[in-house]
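Residue numbers (my numbering): 1 to 87.
Treat the hints loosely; a few may be bogus.
[Stated by the list, open to error] Calculated cross-link-like contacts (lysine-lysine; reagent style DSS-like; alpha-carbon spacing at most 30 Å): (1) K47 to K22; (2) K22 to K60; (3) K60 to K47.
Honestly, the hints are just simulated from the structure, not real lab data.
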Amino acid sequence: GAGGGAWAMPFGPERVFYGRIKARQIQETGAELIITPCHNCRDQIMKSLNQEYDLGLEVKYLWELVADCLIYPGQEKEEVAETSEAE
């Protein structure tokens, strides 16, 4: 897996092999979006498991979900970005 910083270690095939359990659990939920506060888990799911097991998932940090919720209905993300850049 990616726990404990294993993502940074040079054991790619092992990470993919042991990550299959997490990939299967994710597939069984039917989720299209995975939220994780952990950068190791995010990297493993987004950069490895998503490709190796063809999960087709969007992966976000918890803070990204919160930030997305701060956009008011009718307000486009591009408009928010332009406003932020102008400040």
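For each hint given before, does the structure comply? Return the numbers of the non-compliant ones in rising order. Per hint list: zero violations.
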